[in-house]
Amino acid sequence: MIKMLINNLEVQAEEGYTILDTCKFYGLEIPTICHNDGLSNYGACRLCLVEIGEGTNTKMVSSCTYPAQEGLVVHTDTRRVLETRKMMIELMLSTAPGSKILQDMAAKMGVKQQRFELRNEECMYCGLCVRICAEQMDARAIGFQNRGYQRKISTPFDVKSKECRLCGACMYICPACQLRCQGPDAETAICSGCLDMDPTCVDVYDELQCWMYDAGECGTCIRKPSEVADDIEEPKEKNA
Amino acid sequence: MHNDPSEFEAIIERHSSEKQYLIPILQDIQSQFNYLPPVALATVSKQLDIPMIDIISVASFYNAFSLTPRGEHVVTVCMGTACHVRGGPKILEEFERRLKVPAGGTTENKQFTLETVACLGCCAIGPVVVVDGDYYAQQTIGKVESVLKKYASKEKNNGKPREN
Chain Y
1 MIKMLINNLE VQAEEGYTIL DTCKFYGLEI PTICHNDGLS NYGACRLCLV
51 EIGEGTNTKM VSSCTYPAQE GLVVHTDTRR VLETRKMMIE LMLSTAPGSK
101 ILQDMAAKMG VKQQRFELRN EECMYCGLCV RICAEQMDAR AIGFQNRGYQ
151 RKISTPFDVK SKECRLCGAC MYICPACQLR CQGPDAETAI CSGCLDMDPT
201 CVDVYDELQC WMYDAGECGT CIRKPSEVAD DIEEPKEKNA
Chain U
1 MHNDPSEFEA IIERHSSEKQ YLIPILQDIQ SQFNYLPPVA LATVSKQLDI
51 PMIDIISVAS FYNAFSLTPR GEHVVTVCMG TACHVRGGPK ILEEFERRLK
101 VPAGGTTENK QFTLETVACL GCCAIGPVVV VDGDYYAQQT IGKVESVLKK
151 YASKEKNNGK PREN
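Here the protein sequences line up with chains Y and U, keeping their order.
Under our numbering, the residue at position 72 of the first sequence is numbered 72, and the numbers go up by one with no gaps.
Under our numbering, the residue at position 22 of the second sequence is numbered 22, and the numbers go up by one with no gaps.
Be careful, since some hints might not be right.
Unchecked claim - Think about it this way: if two alpha-carbon atoms lie no more than 25 Å apart in a straight line, the pair counts; the simulated DSS-like pairs of lysine-lysine are:
1) Y:Lys100 / Y:Lys162
2) U:Lys19 / Y:Lys152
3) U:Lys110 / Y:Lys162
4) U:Lys110 / U:Lys90
5) Y:Lys160 / U:Lys46
6) U:Lys150 / U:Lys110
7) Y:Lys3 / Y:Lys59
8) U:Lys90 / U:Lys46
9) U:Lys90 / U:Lys150
10) Y:Lys162 / U:Lys19
11) Y:Lys59 / Y:Lys100
12) Y:Lys100 / Y:Lys112
Source of the hints: derived by calculation from the structure; they are not laboratory data.
So that you can see chain Y by itself, here it is in the shape it has in the complex (with noise of 0.2 Å):
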């Protein structure tokens, strides 16, 4: 067994875990788009990360590919961490503004604002078709080609290959080409419709890592003070 600290618990993991394993095992969320447990560890997406090390001397990691390790200090929710990950779903979201998976997660983390221009290209290039193609399918059929701006995911030629058996596991793991979300204001990539609604119908995502897990569902961690006030003075009205 493996002694580590995470946020500031002492925990363990086991032989061969990650980081973002040992997380998990302990109840800890960490958002993860690219990382999928029947795959590979590929650390595309940035979104798990996480702050290891102590005092000033710390540095960022993709917790999905950094080994647990005896006496490793990590902090999942520090400022640093939390405003990491909400760049990088604001990124990712420029990218493909169509991703329900995305819009759910960026209103999740309360990601309110979208400063990037949308480029529509439906892809985040978080390879997980690539991999389930490669390691479940096994048929290697698609593929990354070209680099830099001009990166797409493709089989060779862009035509139909013996290789490829139209399985549709690519499609089914892709977190992009699904419908859009169609709630009230379905223009915008962002819009946070969801979470003003009541009761919200995305799981929210609590900074404070609240133990309590229905943290949706008594709002008061997204409601406005006064609204929860006056919950909680009508119920003495009637018991009056």
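For chain Y, the structure is supplied; the task is to place chain U on it using the hints.
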């Protein structure tokens, strides 16, 4: 077109049928045929036991490889910052006009391929034009014709470009 796998098998044999020799093999095919024919990629995939898509990933990643036939001579015009302010884009335009192809294209007679590059690291002698590895410094629109002539008339000069 080059459709005979045995041509490529000979090139692969010069190296070894191991995965680590993928790039040297592709380089040899590229220099011999001026591009990577689809049959060559299929042969390499088979011999080296590498999935086709991985070879395509490598071939499309590096600028040194081309999946479409290239011309005999590759003309590269520098579009870096230093060359840009000294008139690089105008020189490119002149090449495009004379060769009648856009940047990235190959002339119909397969003699020239026109390309651009972001920076060659020799900004002091800009604007730079490189033809088949020979550097031409401080280019102007007027010099474009003479550069092209050297290579267009290569056959008449025993296969060597005339001296400057």
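Consistency of the hints with the structure:
no.	hint	result
1	Y:Lys100 / Y:Lys162	violated, 32 Å
2	U:Lys19 / Y:Lys152	holds, 24 Å
3	U:Lys110 / Y:Lys162	violated, 32 Å
4	U:Lys110 / U:Lys90	holds, 24 Å
5	Y:Lys160 / U:Lys46	holds, 19 Å
6	U:Lys150 / U:Lys110	holds, 16 Å
7	Y:Lys3 / Y:Lys59	holds, 20 Å
8	U:Lys90 / U:Lys46	violated, 46 Å
9	U:Lys90 / U:Lys150	holds, 21 Å
10	Y:Lys162 / U:Lys19	holds, 22 Å
11	Y:Lys59 / Y:Lys100	violated, 31 Å
12	Y:Lys100 / Y:Lys112	holds, 15 Å
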